[in-house]
Structures are given as structure tokens and as C-alpha cells.
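**Student:** One letter stands for each residue in the lines below.
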Amino acid sequence: MMVLLRELAGLFVDDGALALAILAVVGLAGMVAVLLPNTPLAAGAVLLFGCLAALVSRSNSVT
Amino acid sequence: MTGSSALIWPVVTAAFLASLVEAVEALTIVLAVATVRGWRPAGLGAIAGLAALAFIVVALGPLLDRVPLHLLQLVIGVLLLLFGMRWLRKAILRSTGVIPLHDEATAFAAETAELREQARRNEARLDWIAALTTFKAVLLEGLEVVFIVIALGAGRGMLVPASVGAGAACLAVAGLGLVLHRPLARVPENTLKFAVGVILSAFGVFWTGEGLGVAWPGGDFAIVGFAAMFLAVSSAAIVLGRRPKTRALS
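Line order of the protein sequences matches chains A and B.
The number in our numbering is simply the position in the first sequence, starting from 1, with 6 added.
The number in our numbering is simply the position in the second sequence, starting from 1, with 4 added.
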């Protein structure tokens with residue numbers, strides 16, 4: 007059962023740093039959405055470009 | 005064509021390609037077990053895995069309707085980002101040679117070698133081990149397929165097109181496996197994972213944004229733009245990742 011659960015978690019988290027970076031970007035975008043409710047695209051921009059930046063920064067190393 | 009109907013083919017295609025990868029991986033393990041211990045334990049384990057999967061879908065599926073749409077979009081969007089960008093990163097690392105390419109023939113050989121070693125150590129329990137191996141493979145890969153179907157389909161009422169894409173992929177792989185009786189080593193798995201990673205990441209950004217209340221310009225068509233950006237950035241990452249190696253060789 008533990009092996010199954012560990013493998014299930016592994017479906018989403020392989021590189022811990024990438025997963026953390028994604029969650030941080032989503033959290034930041036959420037904060038922007040709350041702080042700037044009249045400019046919802048700001049949160050979208052943070053989300054999109056944050057994810058792209060996280061991908062690039064984690065695509066050069068293996069941890 | 006409305007925004008949502010424009011999504012049908014991307015959803016079907018993404019579900020088909022992603023499920024194809026998962027089904028090929030499950031088939032490799034089932035074939036390895038069948039080669040070492042015969043079709044009986046391999047088939048029983050696979051059928052038990054499918055039954056467990058069906059139970060999970062039937063038991064948990066109706067809960068989806070009870071989750072508020074924005075929360076569902078946010079949770080699915082984040083999971084899609086984690087899942088899709090994990091595939092995309094791995095495909096980039098494989099394309100740049102940082103990690104080796106996934107090879108179904110090698111995976112098949114490793115699985116059969118492990119089962120033969122277990123047979124040498126403990127013959128009596130081996131049919132159980134063999135059945136458990138296929139059970140776990142079918143259940144885990146199947147759960148990935150179910151997640152892909154839910155992730156691509158639940159946010160816009162597209163569960164049926166996503167299920168059709170995933171079902172077609174699973175049937176195609178199962179049919180080919182039954183006919184060929186060997187792993188589908190010629191499936192360009194890394195290319196598929198790269199393409200699917202791009203699509204799932206684009207869907208992930210879209211759903212997460214919708215869940216946060218972002219009104220994307222162009223509506224559903226924004227997904228195409230996101231996919232193009234993920235494709236461009238990932239391709240650039242591959243080119244940049246290969247460059248030092250080329251310089252060192254020259």
C-alpha cells in the first residue's frame with residue numbers, strides 16, 4: 007500500500023524543486039489575483055511566465 | 005465554432021497520446037510477466053488491476069459533480085502543471101542526453117530478468133508475485149490514464165471526448181500487444197512525452213488561471229497560445245542544453 011501511495015505521489019512529483027517552484031508560482035499568482043482584482047491578467051501573466059521560468063531553470067540539472 | 009467545441013479535438017488528441025504512453029508501459033510489464041510465468045498470472049493480475057480501477061472510478065467519479073467548478077479547475081490545473089511539466093522536463097533532459105532515453109525493450113528485459121531471479125529464489129510464491137506485478141502496473145498506469153481523462157475533461161464537460169481518446173489508445177495498445185506478443189519498442193515515447201507534456205502544461209496554466217479567476221484573452225483558444233509558448237521555450241531549452249556538448253566534441 008505504501009509503495010502504491012509513493013508511486014502515486016511520484017506521478018506528480020519527480021523533481022521536488024520543480025514541484026515546489028510550480029506551487030510557489032501558483033501561490034504568487036493567487037496573491038496577485040487577490041491584491042489586483044481589477045487586473046486579472048496580471049495573475050495570468052505571473053502564472054504563465056512563472057511556470058515557463060520554473061521549467062527552464064529545472065531543465066538543466068538532475069537532482 | 006464555439007470556444008468549447010474548439011477544444012474537442014485537442015482534448016481527444018491529448019488524451020489519446022498521453023494514454024498511449026501509459027498503456028505501452030503497462031503492456032511491457034504484462035508481457036514480461038506473461039513471458040516468464042505464462043498468461044494465467046499475468047492476465048489475472050491485469051484483470052484484477054482493471055477491476056480495482058473500475059471500482060475507484062465508480063466510487064469516486066460522482067464526487068466530481070459535488071466540487072465547486074472554480075475549486076475543481078484550480079486543483080486539476082495545479083495537478084496538470086505538476087504532471088505535465090514533470091513529463092516535459094524529463095523529455096527535455098532525455099533530448100539533451102542528460103538522462104538516458106526510456107527504452108521499452110530494456111524495460112522488458114529488466115522486468116523478465118527480475119522475475120527470473122525471483123523464480124530462482126522462491127518458486128512457490130512466484131505466481132502471486134507475477135500477478136501482483138501486473139496488478140500494480142495496470143492499476144498505476146490506469147490511474148494515470150484516469151487522471152488524464154479527468155484533468156482534460158472535467159473542467160469543461162469534456163469527459164466523454166477525453167474518455168474516447170484514452171479508450172482508443174488503450175484498446176489500440178492492447179490489440180497490438182495481443183497480436184505482436186512483444187513490447188512496442190518502436191513507439192517514439194520521448195517525442196510523445198514531449199508533445200503531451202507541452203499540451204498538459206498548457207491545459208494546466210489555463211485551468212489554474214480559470215480557477216484563480218483569470219479571464220484569458222481569446223477564451224479557450226488561449227490554450228493554443230500557451231502550448232506554442234511551452235513548445236518554443238522547451239525547444240530552446242533543448243538547443244541550449246545540447247550546445248555545451250557540441251562545443252566539447254568539436
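One thing to keep in mind: the hints can contain errors.
Said to hold, decoys possible - Label-pair distances were calculated between CB atoms; the ranges are: (1) Ala48/A to Ala63/B: 35 to 43 angstroms; (2) Met8/A to Gly161/B: 19 to 27 angstroms; (3) Phe55/A to Trp132/B: 46 to 54 angstroms; (4) Asn44/A to Ala176/B: 44 to 52 angstroms.
As the list claims (entries may be wrong) - Which chain A residues face chain B? A few, computed with CB under 8 angstroms, are given here: (5) Glu13; (6) Asp21; (7) Gly22; (8) Val32; (9) Gly33; (10) Ala35; (11) Cys57.
Because the hints were derived from the structure by calculation, they are not lab data.
For each residue, glycine too, the CB sits at the ideal point set by N, CA and C.
**Student:** Are the hints correct? Go through all of them and say.
**Tutor:** Against the structure, the hints:
1. Ala48/A to Ala63/B: 35 to 43 angstroms: At 40 angstroms between Cβs, range holds.
2. Met8/A to Gly161/B: 19 to 27 angstroms: Distance hint for Met8/A, Gly161/B is violated at roughly 36 angstroms.
3. Phe55/A to Trp132/B: 46 to 54 angstroms: Given a distance of about 51 angstroms, which is inside 46 to 54 angstroms, the answer is holds.
4. Asn44/A to Ala176/B: 44 to 52 angstroms: At 49 angstroms between Cβs, range holds.
5. Glu13: Interface hint status for Glu13/A: holds (6 angstroms vs cutoff 8 angstroms).
6. Asp21: holds, 6 angstroms
7. Gly22: Gly22/A check fails; min Cβ-Cβ to chain B is 11 angstroms, beyond 8 angstroms.
8. Val32: holds, 6 angstroms
9. Gly33: violated, 10 angstroms
10. Ala35: holds, 6 angstroms
11. Cys57: holds, 6 angstroms
Of the numbered hints listed earlier, those contradicted by the structure are 2, 7, 9.
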